[in-house]
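Top to bottom, those sequences are chains A and B. Residues 1 to 118 in my numbering are what the first sequence lists, from first letter to last. Residues 119 to 363 in my numbering are what the second sequence lists, from first letter to last.
Hints in this document: simulated from the structure, not taken from any laboratory. Errors might be hidden in some of the hints.
For lysine-lysine, the following BS3-like pairs were computed, each having C-alpha atoms within a straight-line distance of at most 30 Å [as the list claims (entries may be wrong)]: (1) A:K115 with B:K121; (2) B:K231 with A:K10; (3) B:K225 with A:K115; (4) B:K121 with B:K225; (5) A:K100 with B:K216; (6) B:K231 with B:K121; (7) A:K100 with B:K225.
Pairwise CB distance ranges (calculated) [stated by the list, open to error]: (8) B:Q212 with A:L9: 21 to 27 Å; (9) B:K225 with A:A89: 39 to 45 Å; (10) B:A155 with A:G103: 56 to 62 Å.
One side only, chain A facing chain B, incomplete, derived with CB under 10 Å [as the list claims (entries may be wrong)]: (11) K10; (12) F12; (13) T16; (14) G30; (15) I33; (16) T37; (17) S46; (18) E48; (19) D51; (20) P70; (21) G80; (22) F92; (23) V99; (24) D104; (25) Q108.
From the three backbone atoms N, C-alpha and C, an ideal C-beta is built for every residue, glycine too.
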Amino acid sequence: MNENTPYQLKLFPVLTILGWILISLALIIGLVILTPTAANYFGANSKEVRDAAEAGSVLLSQLGVLASIPLWLEPLIFLGVAFFICGIALEFSIIPSLVKQRGDVMSQAFPLIVKLGK
Amino acid sequence: MQKMISKIAPTFPYVIWMGFIIVILSVIIGFVNSQTAAAYFTESKAIRETTLLAERAAIESTILWLPYFKFLGLGMVLGGIVMALKVILDNLMQAGMKVIANLPEDKRPAMPKAPWYGRLMPIVMMLGMLIFIVALIVSLQLSGTARAVYANPIPVIDAAGTGTVLLAQLQSIQATSAWLVPFKFLGIATEFLAIVMGLGTIVYVLNNQTAMLKKGVQVARSGKQQAAQPAEEADQVPATESIPT
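Just chain A, same shape as in the assembly (with noise of 0.2 Å):
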């Protein structure tokens, strides 16, 4: 890539990267955070013990995290998607110029056609 190169081509990378990360950050939050805290708050504790959780406990926090973190996850992974749909737009916004400069070429290139022609 060098200094002429199109912002498009320099920018769509780094989008479909960072769209990459989020989602990958989505799933490990999932797995680390989000599976352990439901597989303890749900399968140590019977229904009974975790409604009298009280205030400060290990449960209620448990329950907190459980209903705190899907609420910013799923926007974050929007977010992800988002910047993928951004990178594929700015790679498509490239090809009507990659195209007229095709075009270009070819009307430099047909005069010479037409005088073989001849």
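Fit chain B to the supplied structure of chain A, relying on the hints for placement.
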């Protein structure tokens, strides 16, 4: 492998239609489930929790597998787009080769090697599909577990103590759902990555072909100039042959 993929790629409209039909089916199943839920919640809490067990099991299990079925449909639509990009790429490259074939063999420029991301694109697409299929299988398994759990009256489920099968099943549903939701989005990300790679390859091929055309024009022009000098005429390639039509 690449040849096989190129043979399969033209079937992309079928893949897109299949994906679309799956999404429509999801809407219909979701609507039917909503009607079951509406009927379920018209009854009193006591009747709901002790008598309408099959309805509850149907609602809970459908909620667990339906989103993954829907995402499989979306994944097929995105996969179809990747296949369409592969068809465009193959056609672009074939057209380029046909143009180059007009040049004398010793004057043909070397065809640029396909970029790594272009070769990887179909594999990434298939990986995305695999993620959707795995997610659907896991969710179907979970929905089976949910059917087993909700075949019991709610008071029995609530009374399940530590170490009981019911609590273990409940744990399995909750813990698996925690990672399965972001996992299905990983499938979407993988399909998008394949689309990015396909478009990147199209940009690469267009750039290279334009550069080759420019070279062809230069060869043609230099050929014209040399034709004007009879002494050098003998070893010239008919330059205009290099101009792609």
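- Task: Against the structure, test the hints numbered earlier, and report the numbers of the ones violated in rising order.
- Result: 1, 11
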